[in-house]
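Number of protein chains: 2
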Amino acid sequence: MELNNAPDLTAERLNEEATSSSLSEEQYKRKMERRKEVQEQRLADRNLEKGLIIVHTGNGKGKTTAALGMVMRSLGHGYRVAIVQFIKGAWEPAEKAVLSHWPDLLQFHAMGEGFTWETQDRQRDIQKAEQAWEKALTFIRNPEFKLILLDEINVALKLGYLKVENILAGLTEKPENSHVILTGRGAPQALIDKADLVTEMTLIKHPFREQGVKAQPGIEF
Amino acid sequence: MELNNAPDLTAERLNEEATSSSLSEEQYKRKMERRKEVQEQRLADRNLEKGLIIVHTGNGKGKTTAALGMVMRSLGHGYRVAIVQFIKGAWEPAEKAVLSHWPDLLQFHAMGEGFTWETQDRQRDIQKAEQAWEKALTFIRNPEFKLILLDEINVALKLGYLKVENILAGLTEKPENSHVILTGRGAPQALIDKADLVTEMTLIKHPFREQGVKAQPGIEF
Numbered sequence: 001m002e003l004n005n006a007p008d009l010t011a012e013r014l015n016e017e018a019t020s021s022s023l024s025e026e027q028y029k030r031k032m033e034r035r036k037e038v039q040e041q042r043l044a045d046r047n048l049e050k051g052l053i054i055v056h057t058g059n060g061k062g063k064t065t066a067a068l069g070m071v072m073r074s075l076g077h078g079y080r081v082a083i084v085q086f087i088k089g090a091w092e093p094a095e096k097a098v099l100s101h102w103p104d105l106l107q108f109h110a111m112g113e114g115f116t117w118e119t120q121d122r123q124r125d126i127q128k129a130e131q132a133w134e135k136a137l138t139f140i141r142n143p144e145f146k147l148i149l150l151d152e153i154n155v156a157l158k159l160g161y162l163k164v165e166n167i168l169a170g171l172t173e174k175p176e177n178s179h180v181i182l183t184g185r186g187a188p189q190a191l192i193d194k195a196d197l198v199t200e201m202t203l204i205k206h207p208f209r210e211q212g213v214k215a216q217p218g219i220e221f
Numbered sequence: 001m002e003l004n005n006a007p008d009l010t011a012e013r014l015n016e017e018a019t020s021s022s023l024s025e026e027q028y029k030r031k032m033e034r035r036k037e038v039q040e041q042r043l044a045d046r047n048l049e050k051g052l053i054i055v056h057t058g059n060g061k062g063k064t065t066a067a068l069g070m071v072m073r074s075l076g077h078g079y080r081v082a083i084v085q086f087i088k089g090a091w092e093p094a095e096k097a098v099l100s101h102w103p104d105l106l107q108f109h110a111m112g113e114g115f116t117w118e119t120q121d122r123q124r125d126i127q128k129a130e131q132a133w134e135k136a137l138t139f140i141r142n143p144e145f146k147l148i149l150l151d152e153i154n155v156a157l158k159l160g161y162l163k164v165e166n167i168l169a170g171l172t173e174k175p176e177n178s179h180v181i182l183t184g185r186g187a188p189q190a191l192i193d194k195a196d197l198v199t200e201m202t203l204i205k206h207p208f209r210e211q212g213v214k215a216q217p218g219i220e221f
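Those sequence lines, one after another, are chains A and B. First residue of the first sequence: 1, per full-length UniProt numbering; consecutive thereafter. First residue of the second sequence: 1, per full-length UniProt numbering; consecutive thereafter.
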């Protein structure tokens, strides 16, 4: 589908112009009126509902955290959600405490192992990742689930524990209206090509590296 | 504080090397043993607890969503959290439904106006933004709040509704151990310089633009 992007460009130009301090109140008002028209045009143009394949990648923070935010929104709408964690971190009691508020809506499945450098056994890691993917497939195929979060699956792909062809094939089994989020650094290009919404989280400054600050509750876990 | 970043570089090199399919199982195991040692070194080096100034900026998705994820984690730890919304969106019932699970821990304050192109009155917008900032300051100063989310405040800064000097001065009143998150595109450089943790969310692909897909419940609101 070809889409007219002119309203986007106009919206951005108007946003930029509105920040000029040399505008009179009346000029500002006219720009905002025009901006409102453009926004209405944008919303009219985009009327398609579609289940999305969403990728959060990059070396910055916020990949899993933003996915968690989408999980919360979906639960707020009363949708059923499944989370499969492919590379388990050490921290999760706070997240579990939060998610336990929706026992009927949320399914949570963790791979049940530590980071890869904890196990040091590649064959076992591969087996666990494959088991997690089989579990994920049962959620992906199930039309009762509106959102499926495959947390850190990109890392399992990068490590070669899972094959991207298999993941792409599995995603074709998704019902039309459900969303799948795949997080983790190093998302393979074939997955990015297939995805609808791809965001790269880029690290600009991080206190862990620059100031010797440790991972802290509420922020990192 | 000068920090030794050699372990970070070693960790990244080992991560990369571990993805090589030509490694024997034994070589893989040794790399992961070394990786584990490096990780222990990294954690030993970083032992500082510190309240953080966190900025989520960039043109991509996930700035508010990742902040919402941090809010959820903090609530999961039983911390008090305040949210001040500077540029109110049209959508929030689902988020409010989620947040209503923590009536004792969470304070929510919305500017009470629509997007700037809805009001078209700059003086009124400026006044509302200043009121929201005054409210935010009461939370920032209050040591009972562990996390304060100033949602979309960067947009108010970019539009000139608030002055960055005032925001930076206000942030110095934050107690040592509390965190403040400032979201929105166009974060001013002076704020980035002051922040501890800065992540830029970069749009790689977006279905709203590319496929005419509208904002959807559970994902965008």
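I should point out that these hints are in silico values taken from the structure, not numbers from a laboratory. Where hints are given, some of them may not hold.
If chains are identical, the list can't say which one is meant, so a pair holds when it fits in one copy or spans any two.
[Said to hold, decoys possible] Each computed DSS-like pair below joins lysine-lysine, with the alpha-carbon atoms no more than 30 Å apart:
#1 Lys135 with Lys29
#2 Lys194 with Lys36
#3 Lys158 with Lys96
#4 Lys158 with Lys205
#5 Lys29 with Lys194
#6 Lys128 with Lys96
#7 Lys29 with Lys205
#8 Lys29 with Lys50
#9 Lys205 with Lys135
#10 Lys163 with Lys194
#11 Lys194 with Lys128
#12 Lys163 with Lys205
#13 Lys163 with Lys50
#14 Lys194 with Lys135
#15 Lys29 with Lys158
#16 Lys163 with Lys29
These numbers were taken from a predicted model, which means no experiment stands behind them.
Now the hints, each set against the structure:
no.: 1; hint: Lys135 with Lys29; result: between (54 Å within a copy, 27 Å between copies)
no.: 2; hint: Lys194 with Lys36; result: neither (33 Å within a copy, 34 Å between copies)
no.: 3; hint: Lys158 with Lys96; result: within (27 Å within a copy, 37 Å between copies)
no.: 4; hint: Lys158 with Lys205; result: both (25 Å within a copy, 21 Å between copies)
no.: 5; hint: Lys29 with Lys194; result: neither (42 Å within a copy, 33 Å between copies)
no.: 6; hint: Lys128 with Lys96; result: within (21 Å within a copy, 37 Å between copies)
no.: 7; hint: Lys29 with Lys205; result: neither (37 Å within a copy, 32 Å between copies)
no.: 8; hint: Lys29 with Lys50; result: neither (35 Å within a copy, 43 Å between copies)
no.: 9; hint: Lys205 with Lys135; result: between (36 Å within a copy, 28 Å between copies)
no.: 10; hint: Lys163 with Lys194; result: within (15 Å within a copy, 42 Å between copies)
no.: 11; hint: Lys194 with Lys128; result: within (25 Å within a copy, 43 Å between copies)
no.: 12; hint: Lys163 with Lys205; result: between (33 Å within a copy, 23 Å between copies)
no.: 13; hint: Lys163 with Lys50; result: within (26 Å within a copy, 40 Å between copies)
no.: 14; hint: Lys194 with Lys135; result: within (22 Å within a copy, 44 Å between copies)
no.: 15; hint: Lys29 with Lys158; result: between (51 Å within a copy, 17 Å between copies)
no.: 16; hint: Lys163 with Lys29; result: between (54 Å within a copy, 21 Å between copies)
Of the numbered hints given earlier, the model fails hints 2, 5, 7, 8; all others are met.
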